[in-house]
Amino acid sequence: MVKTHVNMTVNGEAVEFLCETKATLLDVLRDELDLTGSKEGCSSGDCGACSVILDDRLVCACLVLGAEADGGNVETIEGMADADQLHPLQQKFLEEAALQCGICTPGFLVAAKALLERNSNPTETEVRYWLAGNLCRCTGYDKIVRAVMDTAEEMKGVSK
Amino acid sequence: MAKVLLTSGVSQQFTDGQTEIDIQATTYRQLLRELDKLYPGLGRELSIDTAVAIDGEIYQEPYLESISAGSEIYFLPRIGGG
Amino acid sequence: MTTNGNGLRWVGKRPVRPDGVDKVTGRAQFGADFTLPGMIVGKVLRSPHAHANIRSIKTEKAQALPGVKAVITAADFPELPSEIEQAGEVVLNFRDMSRNVMARQKALYDGHAVAAVAATSIEIAERALDLIEVDYEVLPHVIDVVEAMEADAPLLHDDLYTMGVEPTPDKPSNVAKRVEFSIGDLNAGFEMAEVVVEREFTTKPVHQGYIEPHAAVASASEDGLCHIWCTTQGQFMVRYYVSRLLGLEVSKLRVTPSEIGGGFGGKTVVYLEPVALALSMKCHRPVKMVMSREEVFRASGPTSGAHVWVKMGATKDGRITAGEAVLKYQAGAVPGAPIGPGCMCAFAPYDLDNVKVVGFDVVTNRPKVAAYRAPGAPISEFGVESVVDELAKKLGMDAIAFREKNAAREGTHAAYGPTFGEIGYTETLRVAKEHPHYQAPLGPNQGRGVASGFWFNIGGASTAALNVNEDGTTTLISGCPDIGGSRASLSMMAAEVLGIDVEQVRPTIADTGSIGYSFLTGGSRVTFATGMAVIEAANDVVRQLRERAAKIWEIDVEAVVWENGEAKPSGSNAGDFEPLSLSSIAATAGKTGGPITGHVSLNAQGAGPAFGTHICDVEVDRETGRVTVLRYTAIQDAGKAIHPSYVEGQIQGGAVQGIGWALNEEYIYDEDGRLENPGFLDYRIPVASDVPMIDAVIVEVPNPKHPYGVRGVGEVPICPPMSAVANAVANATGLRMADLPISPPKLLAAITNGG
Chain V
1 MVKTHVNMTV
11 NGEAVEFLCE
21 TKATLLDVLR
31 DELDLTGSKE
41 GCSSGDCGAC
51 SVILDDRLVC
61 ACLVLGAEAD
71 GGNVETIEGM
81 ADADQLHPLQ
91 QKFLEEAALQ
101 CGICTPGFLV
111 AAKALLERNS
121 NPTETEVRYW
131 LAGNLCRCTG
141 YDKIVRAVMD
151 TAEEMKGVSK
Chain S
1001 MAKVLLTSGV
1011 SQQFTDGQTE
1021 IDIQATTYRQ
1031 LLRELDKLYP
1041 GLGRELSIDT
1051 AVAIDGEIYQ
1061 EPYLESISAG
1071 SEIYFLPRIG
1081 GG
Chain P
2001 MTTNGNGLRW
2011 VGKRPVRPDG
2021 VDKVTGRAQF
2031 GADFTLPGMI
2041 VGKVLRSPHA
2051 HANIRSIKTE
2061 KAQALPGVKA
2071 VITAADFPEL
2081 PSEIEQAGEV
2091 VLNFRDMSRN
2101 VMARQKALYD
2111 GHAVAAVAAT
2121 SIEIAERALD
2131 LIEVDYEVLP
2141 HVIDVVEAME
2151 ADAPLLHDDL
2161 YTMGVEPTPD
2171 KPSNVAKRVE
2181 FSIGDLNAGF
2191 EMAEVVVERE
2201 FTTKPVHQGY
2211 IEPHAAVASA
2221 SEDGLCHIWC
2231 TTQGQFMVRY
2241 YVSRLLGLEV
2251 SKLRVTPSEI
2261 GGGFGGKTVV
2271 YLEPVALALS
2281 MKCHRPVKMV
2291 MSREEVFRAS
2301 GPTSGAHVWV
2311 KMGATKDGRI
2321 TAGEAVLKYQ
2331 AGAVPGAPIG
2341 PGCMCAFAPY
2351 DLDNVKVVGF
2361 DVVTNRPKVA
2371 AYRAPGAPIS
2381 EFGVESVVDE
2391 LAKKLGMDAI
2401 AFREKNAARE
2411 GTHAAYGPTF
2421 GEIGYTETLR
2431 VAKEHPHYQA
2441 PLGPNQGRGV
2451 ASGFWFNIGG
2461 ASTAALNVNE
2471 DGTTTLISGC
2481 PDIGGSRASL
2491 SMMAAEVLGI
2501 DVEQVRPTIA
2511 DTGSIGYSFL
2521 TGGSRVTFAT
2531 GMAVIEAAND
2541 VVRQLRERAA
2551 KIWEIDVEAV
2561 VWENGEAKPS
2571 GSNAGDFEPL
2581 SLSSIAATAG
2591 KTGGPITGHV
2601 SLNAQGAGPA
2611 FGTHICDVEV
2621 DRETGRVTVL
2631 RYTAIQDAGK
2641 AIHPSYVEGQ
2651 IQGGAVQGIG
2661 WALNEEYIYD
2671 EDGRLENPGF
2681 LDYRIPVASD
2691 VPMIDAVIVE
2701 VPNPKHPYGV
2711 RGVGEVPICP
2721 PMSAVANAVA
2731 NATGLRMADL
2741 PISPPKLLAA
2751 ITNGG
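Heads up: the sequence lines are chains V, S and P, in that order. The numbering of the first sequence is the working numbering, which starts it at 1 and goes up by one. The numbering of the second sequence is the working numbering, which starts it at 1001 and goes up by one. The numbering of the third sequence is the working numbering, which starts it at 2001 and goes up by one.
Quick caveat, the hints were computed from the structure, so don't treat them as lab data. Using N, Cα and C, we set each Cβ at its ideal position, and we do this for glycine too. Among the clues, some could well be false.
Across the chosen pairs, the derived CB separations fall in these ranges [stated by the list, open to error]:
(1) Pro2169/P x Lys1003/S: 48 to 58 Å
(2) Glu2198/P x Lys22/V: 53 to 63 Å
(3) Gly2499/P x Glu16/V: 51 to 61 Å
(4) Lys2551/P x Asp1055/S: 38 to 48 Å
(5) Pro2436/P x Gln1018/S: 43 to 53 Å
(6) Pro2169/P x Gln1018/S: 20 to 30 Å
(7) Ser1066/S x Glu2166/P: 44 to 54 Å
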């Protein structure tokens, strides 16, 4: 099988690898780069557990081919904390118990981060619609939505 | 005497529809033996897939429980969980 | 560092969970994240037919494909006798389980495993599956439960004779079992009634919908020792079931549970685990298997679809005089629908003198049902709570007042038999009535519904170990996978007993080789039952710490007390000693008798029954039939909330699963019996924009059998939502929707025809 030579930046680090034509970005992250924080819940873009940011765009890594991401800049859950400093969203999810089993958590955090980078003051409805591509079966979304809104509130206070 | 209550389903199969039976027993196992003497096969039936409630408390795997005079004993299907 | 009003330092607080950071950083290892050197992959060939005889399976071509290391069929599993036996705490027929794991002679549903391949890559494994030749003789199939009970229905098993009827039928049928519960005199009860409501309901199979698909890695070495790493609700369950299915000694199989990405009952059985191990036993390479989402839908879970008939009568002053129900539950391909609990829970919230419930466990050409939160209960309770609502309306009574008038209390004979001890049902009704939600105004096309729910909660076998480390920190080991925060609640109880900071208790979930037997995580039992083991282990550690302090001080152990994490002389008579902290006793443990560890195995009894009452507001779009949930309040008696945030989370999550069951979720089959919606796009579980905030209100009527009063939380909240939603829709539209889900086309048709 012909493989494609791919270069990309993942969480600020340059990586290069040979990518099978049909391998998705999710396959690449999980199997090639051992970044298993992005989860596979459906492989059809319906659950959002593999949410990553590709060139400032929130995508389901299962819907992007690895080869397509050549030259791209990828941000995953593994790059969200800064050294031992958790991102405010990560901290708020912990404090407010916005996770139960935790399988959807990386996807929600990446998606929520993308939201707050675009809209620092989202309404509850905006949060709910933005996160509608991420499935959670445990929490009923209540604590997740609250944690995202409380983080936005807190980050506003810091940036003032 | 302890009062044993059976589900109507079990009673139709083993006790001719009688759902309340008074039994002299001080332990759960003695109770089963006495029931089996009265109604052959019932003791075995009640030892499979069956929980017991003794005075309101459900025991999923009854065996060593003691029974006092006046105890109310219900045999129930075993309960699982999700 | 202060204690709260009850003198408790940790119980009832909301510390950050001990496994939290790993889960927000992507570090936590779930089932599919595990790898081993030399690992290859396994794939399953699944039946495309709902019902077919398997005339032959030819695997030679697949076997010959380069890269294929093993191919298996049912012939590679021991043929087990059909016997109902007690396996630990559940009762099973391993013949049936074996046939569900790998079809033998017959494929019984679309998606039924018929063969499996292990190969060096997924591509090769998939090509090998295409090369397996299965000669099917397609048979007529039956999907619907009522049709399956008919005399001329296609027969799934020619050796299935209905249990529970006298005499045993002389012909096989699809009805595996009939159960019946009755108390009092039903006819007399209905004669007393001045108002009677009778109605039929149907519910569709719904999937547990965990976001993490089933995954397992199995490795069998040449000396017969085996190890499975998998996502499961019970590592000991996997060990025993797989041992039985493959004829292994239990001691030769070790099972390590991964983090579990949701289960809700769906991971209380085995699917891939025995298949992966059978493949590994053939090729002696570690074999990894992960289900696709499509496979999860076609071949795992779901809960029963059902037909429910309910009749209830009441006097004009609002006293229920009789309740009768007939429940027909689908088991899927082999017997085992949760019909017993379905029957027992149906009328459990009410104090009734005359009750009769008959239930049927019916096989159909669908995947074998698995447990799903309060297995069996939500279905029967949907019917009963809908009828209770109709009765209240006919009587002109408030929905909560009517329930209060008939509510089960301490001393009530439960409709399923035993007498209730202390229970909190009326408390949930009182809190509901007083909640601002219940008085809030409603707009046009809006309606409010109320419904209650019940679950027993269970105890069972649990082991916990608590090791004191050299520096006075502790390691807490449990044998139950943590599915929703039990590491937090268990650590808090240990810290409470030891009087130390919760950060100094580090919990882990151990594999089957590292801790004593523990029944699986399910039935809302871990914080209750494993919690009891933890508390006893911590008490044992405290006893030992006092003994060590007594030795150090050369006084009698009775003269040493343990307070706030320190040993102290019990009074001035005992002597004048500076308190000894846990860390200082730990530091000298070697000199005073060796390591300090607590280890407790028990079989917890005394689980406390729990009730919930939900209030739901909906708005109905009369143009489209779409129902929007506007506001939702879920009140539940938790006994005692150890970590209230995770109790609220269980309540909120259960409520939203129930909303999905009520409004969206269903399995759709084509006329050939193939599942048409095996994916999250078409099997639509609620998303964030579908639901409002869920106001979870915890009521605490302590369970007297637990040291802190825990009852268990996770099951009850899925019981009320279906009827709470349906009752709200009835109040918004005047239409009684008795068939779930209340999807837009169905409701629109009802509005058009009757509204």
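Here is what the structure says about each hint:
1. In this structure the hint that Pro2169/P and Lys1003/S lie 48 to 58 Å apart at CB is violated, the actual value being about 33 Å.
2. Between Glu2198/P and Lys22/V, the C-beta spacing of about 58 Å keeps the proposed range 53 to 63 Å intact.
3. Separated by about 55 Å at the C-beta atoms, Gly2499/P and Glu16/V satisfy the suggested range of 51 to 61 Å.
4. For the hinted restraint 38 to 48 Å between Lys2551/P and Asp1055/S, the CB-CB distance of approximately 44 Å keeps it satisfied.
5. The supplied range of 43 to 53 Å is met by Pro2436/P and Gln1018/S, whose beta-carbon atoms lie about 52 Å from each other.
6. For Pro2169/P and Gln1018/S, the hinted distance range of 20 to 30 Å is satisfied, since their beta carbons lie about 23 Å from each other.
7. Look at Ser1066/S against Glu2166/P: about 32 Å separates their beta carbons, and that is not inside 44 to 54 Å.
Going through the hint list in order, the structure does not satisfy hints 1, 7.
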